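In the working numbering, the protein residues as written are 1 to 61.
Some hints here could point you the wrong way.
[Claimed, not checked] Simulated pairs of lysine to any residue, SDA-like, Cα-Cα distance not exceeding 20 Å:
1. K41 x D30
2. K41 x I16
3. K41 x T18
4. K17 x I38
5. K54 x M43
6. K23 x I36
7. K41 x I29
8. K41 x A19
9. K17 x D30
10. K17 x N40
11. K54 x L42
12. K41 x Q51
13. K17 x G28
14. K17 x L37
15. K17 x A31
16. K41 x Q15
17. K54 x Q44
18. K17 x K41
19. K41 x Y13
20. K17 x I29
21. K41 x T12
22. K41 x Q7
23. K17 x V27
24. K41 x D9
25. K23 x T34
26. K17 x T34
27. K23 x H33
28. K41 x Q53
29. K17 x H33
30. K17 x Q7
31. K17 x V32
32. K41 x I8
33. K41 x M52
34. K23 x Y13
No lab work stands behind these hints, which were simulated from the structure alone.
All figures in this text were calculated on a predicted structure; none of them were measured in a lab.
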Amino acid sequence: MEMNITQIDTTTYEQIKTAITSKDSVVGIDAVHTHILIINKLMQIEEQLQQMQKQLNNLPR
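Modelling step: build the complete structure from the supplied sequences, incorporating the hints.
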């Protein structure tokens with residue numbers, strides 16, 4: 001399942017934009033907050049993959 005930025009609905013896009021925007025940053029985003037969001041999502045994906053692997057390992061061979 002590939003997703004690109006053009007597939008995100010406007011509401012979700014704006015919510016993400018609001019969450020990471022920082023007026024105090026030279027680049028316009030809060031880098032620490034943005035990285036925390038990314039790392040958290042990666043950890044969720046990793047957990048889901050581990051659960052799927054366990055399910056696959058339990059299938060009859």
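(Q) Output the indices of the hints that this structure fails to meet, ascending. (A) Going through the list in order, the structure violates no hint and respects every one.
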